[in-house]
Amino acid sequence: MTDQQINSETRLRLYRLMRECRELEQRAYDLFMQNLVKGTSHLGLGQEAVAAGFGAAMNADDYTFCTYRGHNHTLVRGVAMDAILGELMGRECGLMRGKGGSMHLTSVEHGVMGSYAIIGAHLPVAAGAAWSAQYRGTQQVAVCFFGDGTTNIGAFHEALNFAVIWNLPVIFVCENNKYMEYTPIEAVTAVANPAADRASAYSLDPILIDGNDVELVYRTASEAIARARAGKGPSLIEAQTYRHGGHSRADPGKYRPDEEVAAWKARDPLDAHRAKLVEAGVDEETIDLIDAQVMSAIDEATETAKASPPPPREIAYIDVWADGGVEWRC
Amino acid sequence: MALLSYREAVAAAIAHEMRRDESVVFLGEDIAAAGGVFKTTGGLLEEFGEKRVRDTPISEQAILGAAMGAAMTGLRPIAEIMFSDFFAVCWDIIANQVAKSRYMTDGQFAFPMVVRSANGAGSRFGAQHSQSLENWAMMVPGLKVVAPSCAADVKGMLCAAIRDPDPVLFFEQKSLYGTKQEVPDGEHVVPLGKAAVLREGGDVTIAALAAMVPRAMAAAEQLASEHGVQATVIDVRSLVPLDTTTIFESVSATGRLVTVEENPRLCGWGAELSSLVAEELFWDLEGPIVRVTTPHIPLPAADNLEDEVLPGPARIVEAVTKLVD
Ligand SMILES: Cc1ncc(C[n+]2csc(CCOP(=O)(O)OP(=O)(O)O)c2C)c(N)n1
Ligand SMILES: [Mg+2]
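So the protein sequences, as listed, match chains A and B. Note that our numbering numbers the first sequence so that position 252 is 252, with each residue one more than the last. One rule links them: number in our numbering = place in the second sequence (from 1) + 1000.
Same shape as in the complex, but just chain B (with noise of 0.2 Å):
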């Protein structure tokens, strides 16, 4: 074991996995020689070389067509795309060629590629550079989606995701960069579709992602020292593959659930939650499923703005206290 951040986890991920497989490659903006502008692939270029390690220029389309290319003919390339907001200068070559290019050739292709994104929002960059956008990628077929929430899950998740020979968008939430925790040293791969139950009670299931999570947490904590409200919060982790086995489980037993989104309200990852929960669980609920999300608005950029618009604690326990009232 050891202590790292969420950050470090990045870097500690890409060179167990580098080191394993020759065929790793990792490219994008920044990444090497000045180890990432959010410094999380440090020391990657020192060890592995410029032939494995490969700043690029400012050219989304070329930085994912090129993984994709890689992809096909027998590389496994980790792609980074700065912040996710820049998916919107590159979307076909994920949405269009990457996501298709194997069912339409009749199974001709597999892409084992990463492509890894500083997503969210809580460090005050505004409207262009906040944004949480892992419901853009969940809605196209044949992407895999995961968005940890802490150190050792990023590890696990990026090592598992690296190997796994089906693309994965690979969300880290930005505002969890320095968050620490004890990661295992060597080997420590978390199977991509599974989601972690963090704390269990009877009376409610919280199912949160990302910076949502340690929130959930709070909050939970909140409402069993203040309310004496029991809930179960799960860290949701992996959307596609989706473990509806784990969350319906605990939403058979506890009979409620409430989602806690960093995404504007229309169409996030929750709503397709629901949706399954009202369809498959619909006779097990004691209550209305309950959505806590920021609000259907770009973001804002000024501290006080920011913080008012994302779902924090305080949000998570009065849709909960309300619920089970």
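Chain A with its partners taken away, still in its complex shape (with noise of 0.2 Å):
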């Protein structure tokens, strides 16, 4: 797929896509200071690009896995914003009640089928996901995103054999931010490109892109989406990026070289799509308004989660079995 393809209109959902993962995530931030999100959250900020190309490539019914930090990927698939800010802060509006919080996004009517915070653990259930729907003879796909850390687990090894040998619809992308929580992956890790290096040992292409670039990502995962639904099997892609802030909370993320971050914020997925726009003869204004269209949303989302009340103490008591019930004894 060349340059050409990804029509203006894409171009553009591609930005807005970004720039509410952006906007999003940056509030967030802000509730998590005015400790109006408890707990822990981990931020996007930075990797919006990874997100949104895969997001604006699939499909409805295709299957999204995230990690803990998959705010971005959830948002993508067409979760309402104040679901999402809602479940952070624990409130009856949130996605799952607040019985998940932000480590857990889960929205099976928008195909995004869990955030796992045990690393690796869902590598092994996209590969279930895409082995039903091979077995049901749709054409859904499942897409699996996860860190550089996430390469040195078991979890990935065992899944992307699995998925190779049972030549299964499901994309492993990997977003190398560079670090786990706060060791630089490098210093732990045997190859220099955590997931593409690896590829060989399951007999996959290595694909080791710019995840800054969002025309880039977007053309990627299509291809491998494409090659997926037409049962040539699995994919690996490594997309390099960085994370702007800290790996969670309020993390100022310290264990970073002020250079490094430097040069990772001046490649921002953001200001280069802008750029790209720009360059192509979109108006800026165009782009303003798909700015503030984004600003009062979230805007909106904010205040309809803080109106939103606790979610009713009763819910505590439901849901540990298929019949909606907890009782373990009869």
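Misleading hints may appear alongside valid ones.
Short derived list, chain A residues pointing at chain B, Cβ under 8 Å [said to hold, decoys possible]:
id: 1; residue: A121
id: 2; residue: R136
id: 3; residue: G137
id: 4; residue: E158
id: 5; residue: M180
Calculated pairs, SDA-like style, for lysine to any residue (alpha carbon to alpha carbon, straight line, at most 20 Å) [unchecked claim]:
id: 6; chain 1: B; residue 1: K1051; chain 2: A; residue 2: N167
id: 7; chain 1: B; residue 1: K1194; chain 2: A; residue 2: D61
id: 8; chain 1: B; residue 1: K1180; chain 2: B; residue 2: V1037
id: 9; chain 1: B; residue 1: K1100; chain 2: A; residue 2: N167
id: 10; chain 1: B; residue 1: K1194; chain 2: A; residue 2: V326
id: 11; chain 1: B; residue 1: K1194; chain 2: A; residue 2: G325
Keep in mind that the hints were calculated from the coordinates and are not lab data. Quantities reported herein were computed from a predicted structural model and do not represent experimental measurements. The beta-carbon is built from N, C-alpha and C at its ideal position, and this holds for glycine as well.
Both chains come to you apart, so use the hints to assemble them.
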């Protein structure tokens, strides 16, 4: 797929999706600092291009599997902002009415099949959903996002081998943001490119891309998804990116050299895409209007979430079992 | 009726369910072409084909993860973990993922899946291939846990487990695989959460599970013939849901409870049952609740050592006679 094939509508959509991610995460951070988001939260500020590029390339009935750093990936599937913010804030309007929290955003109706907070756990689960799609003969694919650090846990390797031998329609997307929580990935990894350099061990092509180039992500995603839909099996994509902030909560990320942070911020995926749009002849007003629309949508969602009451106490006592109950004896 | 072994009942149940429901699929190590390392699943590949009966690599996390992903998207997978001891390498998928994902997503998922595993001692396999781990599963909210003691229940409860809308951990006691029993042909479903009263007597209630059930029965015969003590023997069968109705009815009548557990002492299922009885039936009791378990040790391999530490009829008889004296 060449540059030209991304039409202007999609280009603007990619911009809007990234802007939504950026502002929603910024808002989540502000709410955390105001103690309105409790517990923890892991933001994808700076990594928006990966989520947006894939989100735009997926069909409505495809499956997304994400990590605790999954707000962006959830949002780009069409989940409402107030439901996301409400979940982070533990409110009744939350996506899971506060029963899951920031690390477990899930919306089955949007194909968001869970956000997983145990490193690596969701790779085999995504393979299973892809197996099910293959078995049922649907054209669905599963896209599974995870970090660089996740390439060193066993489940990564089990899932890759498994997906290849069963030729499953699953795309594994490693967002290499250079760090685990605080440790640089190169300090603990046998290869330079933690996912791409392992691809050949599973007879997959190494795919290493600039994860801050949203159009490149979109094209790469589209190709991998088309392959999977055509029955040509899984892909492993390593997208190089960077988180602008710390790992979680209020972590300032001081373990990273200032020059490194500055260099990556200079490669902000939103700025880069905006410049590209302008260069392609989109007028600034059109882009500014998108920015303004996104901001007002986020303000509105914030107000909705703030006005939403805490979830009713009774829901703590439902839904352990499929009958809706919690009873363990009879 | 047909005389089936406990092992043959496994394949009979899976085949019965695969015939009636296209969404039932089966995966695990050596389960298809080889028919299972315990020969429990022979013939399934031949009848249902490799689309539905699938050999996997030695990847327990992938096996259970794949089952979970399939269950959340409309299939009814059965996964085999060859030995229950291997749950230690994939427990995340069971305890953190499958068990919790329905609850924490406000009911968005259901996981109609069964994980079968060969559990327990008696085969001289030593400490890493002989454990009774039902209690690991029992303490995790969101898992149903069953452990049949006879071929008819293997068929009936496995069929029920496959139809169940919730995840079921199905513990097969490997030393029972060769035991035989008349098993109903065709449709035979034993609902989960129903204990079986195998023998009735007014002096004491003996609650046992899996391989301990035949031992409890042998003890009860001996108690009757040699000591004039009449015991009720209950096969608990299902730990979650737990049939407290049936068990409590018996304990209320006899006033005495002895549990017989293959697991090491601490936190066995009998401890939970004892606590429930102490809390809710205290005034009906005529003596202390007594637990007969394996000591709190890893299992040794040599025949005489394994026999030494597992509860057997003699220890059960001794515990009961002391109690009723
Ligand atoms: C099995 C497991 N080990 C450790 C952790 C703690 N932990 C949470 S996030 C994280 C870093 C993960 O790094 P990476 O995969 O690169 O993802 P990123 O956070 O950078 O997106 C760690 C170690 C965990 N959640 N699960
Ligand atoms: Mg990382």
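Going down the list of hints, with the structure as the test:
1. A121: 6 Å, holds
2. R136: With a closest approach of 6 Å, the A/R136 hint holds.
3. G137: For A/G137, the interface hint is violated, since the closest Cβ of chain B sits about 11 Å away, which is over 8 Å.
4. E158: The hint holds - A/E158 has a Cβ within 8 Å of chain B, the shortest such distance being about 4 Å.
5. M180: 18 Å, violated
6. B/K1051 <-> A/N167: 12 Å, holds
7. B/K1194 <-> A/D61: It is violated: about 40 Å lies between the C-alpha atoms, which goes past 20 Å.
8. B/K1180 <-> B/V1037: Roughly 19 Å between the alpha carbons, so the hint for B/K1180 and B/V1037 holds.
9. B/K1100 <-> A/N167: Cα-Cα ~29 Å, so violated.
10. B/K1194 <-> A/V326: 18 Å, holds
11. B/K1194 <-> A/G325: 18 Å, holds
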